[in-house]
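Novice: Based on the hints, put chain B in the right spot on chain A.
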Amino acid sequence: MSMAAGERSARAPWALTAPALMLFVGVLLIPLAMTVMLSFHDWGQYKGIEPVFILKNWHEIATDPYYAEMFWRTFRIAILTTLLTALLGAPEAYILNRMSGRWKSFFLLVILGPLLISVVARTLGWALLFGGNNGLVNKLLMSLGVMRSPIPFMFTETGMVVALAHVMMPFMVLSVWAALQRLDPQIENAAMSLGAGPATIIRRIIMPQILPGVLSGAIIVFSLSASAFATPAIIGGRRLKVAATLAYDEFLNTLNWPLGAAVATLLLVALVLIVVGSNALIERRYAEVFR
Amino acid sequence: MAFLELDGVAKQFGAQTVVDDFSLSVGKGEFISFLGPSGCGKTTTLQMIAGFLDPTRGAIRLEGKDLTAIHPAKRGLGIVFQSYALFPHMTAAENVAFGLEMRNVARADRAERVRAALAMVGLAGYEDRHPRRMSGGQQQRVALARALVIKPSVLLLDEPLSNLDAKLREEMQIELRQIQRTIGTTTILVTHDQNEAMSLSDRIVVMSQGKIEQIGTPQETYERPASAFVSQFLGKTNDFAGMIDRTATPARLVAGSWSAPAPAGFNGAVTVSIRPERIGFGDAGLSAKIVTRIFQGNHWLFQCDSECGPAIVIRQNDGKAQPAEGDAVRLAWRPEDMSVRARAVA
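Taken in sequence, the protein lines are chains A and B. So the first sequence is numbered by numbering that gives the first Met the number 0: it starts at 0 and just counts up by one. So the second sequence is numbered by numbering that gives the first Met the number 0: it starts at 0 and just counts up by one.
So here's chain A without its partners, still in its complex pose (with noise of 0.2 Å):
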């Protein structure tokens, strides 16, 4: 009795997760391990996809520099516009978190707007001032005679970190923002008192206590930046390939779905490690703060 009892009970959890659990496996972990296993097919111009074991695509992608050059150029950028996001976010974070009750909600809406349009809109609004002789900025620029081209934005690595630093920032503000929460209301008129200065009170006491929330933020800034899609897609076009662009080409266009699968295969992982490995880097590290 008592031991059917100890049973259901313990069969319950299972019980109770399976829907989620059901989905989880059937849309994510299925489809991913097909993915896995499509990256080892291969794949001939007119015979279509052929399901045996095989490394040539893999092979291609560790060969090929071309290959190596796109990795390098996603990883850069995420690099770059992560970057952006923690020099201009956490400074903005402080200043957002001095402020007064009004103006404080309505400078955190300015920053979350972003996230309220559509990415493709906000991509398409950069492109709108910047895109070649027809741009808004570019035609004003030249009407001005400041200059004779149109700034380099579109099709340019710095055109893709300022506009993925754009959709990018809210993430970073509302982590920092989340570890600025967590400071003593008091720690500043602490340090003041012992006789430090502003400039002191930043680099010492606030900088080390948020620094956990902007590596945080950096973590999902970077992970976001490297598989974006849309972005790199409206500002680096065709041109400009970046891993995810490169594995929708393969797989919408070249129709070669085997080597699609490897390269989206091989930033997956490439991106865990990076994101794994940091997280338990930042988390041995401030272990202090984050208590």
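Heads up, some of the hints might be wrong.
Claimed, not checked - Label pairs and their calculated CB-CB ranges:
1. B:S37 with A:L267: 51 to 57 Å
2. A:G100 with B:S37: 18 to 24 Å
3. B:E93 with A:A198: 44 to 50 Å
4. A:F154 with B:D53: 55 to 61 Å
5. A:W102 with B:N194: 41 to 47 Å
6. A:M98 with B:T216: 15 to 21 Å
Worth flagging that the hints you see were computed from the coordinates, not collected in a lab. We put the beta carbon where it would ideally sit given N, CA and C, even for glycine.
Specialist: Using the frame of chain A, we list chain B on its own:
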């Protein structure tokens, strides 16, 4: 000359006056408590001394120099915050060393002073602990060491013991008093705990609604409360309505069936305040009935229903027989144990 002087200090937030006409002079080495309920302006006053707030009116002087003209970082005051406000990313030693670093104290000298300060608060051996790995009491000691190591001219304590449990609080009170006596730093303590104020301070400033109600030694404020607020706030008290009877010669003060020769300077309706431990059971006096009798170890607490309203009586447990619940008793006290205030008659 006064060491620290507050002269007509006031603070307004918009139309609201939080502190009004606060004047106090503190002697060197004195331990002063600002005592009052929350929202009475005691913390605001402390923050004005610290420099986190600027007074709307009035002057604050330290050794004759205008303190409000000096930036908070340059005032050289030691402050212990209610939340301790320790730097969580630094060890105990680094926390304590911070103020010395800001003063460019040489490294070797700094290490020695940090070690001495932590030893003074009983935390020798805890140098490398981070605050979040310490108990509330230990964090409190680090905060105290951090404030004292810079040899502040004045030590400001903002409800430093309110986050500790009762037993630890009592221990820290004794320790705080000993440390303050040893190093002789002028200290201002903000508290809402009357026991804390009484056991620690040389003088207490009782505050209510932004105003000073009374400044005096713990004994003065307890035994000779200047206002009804002070007598109610500092411990338990009995307020009886009385009358000065000028028809008798000499004039007498009458409260119910209790009477005594009238004190000078009063006329008509008065309020008589007596501490519960100063009332005895006698053959004559205010007639009352005992409603409840509570045994509290070293003393008995009686709640009585007297002809002048409810009354509390505390008697030492000296082994003698005490009246039981329901007994009719007479309450009597010596005239010198009471304080008399004029009473407005509606």
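Novice: Now look at each hint and say whether the structure bears it out.
Specialist: Against the structure, the hints come out as follows:
no.: 1; hint: B:S37 with A:L267: 51 to 57 Å; in the structure: holds, 56 Å
no.: 2; hint: A:G100 with B:S37: 18 to 24 Å; in the structure: holds, 22 Å
no.: 3; hint: B:E93 with A:A198: 44 to 50 Å; in the structure: violated, 19 Å
no.: 4; hint: A:F154 with B:D53: 55 to 61 Å; in the structure: holds, 56 Å
no.: 5; hint: A:W102 with B:N194: 41 to 47 Å; in the structure: holds, 44 Å
no.: 6; hint: A:M98 with B:T216: 15 to 21 Å; in the structure: violated, 46 Å
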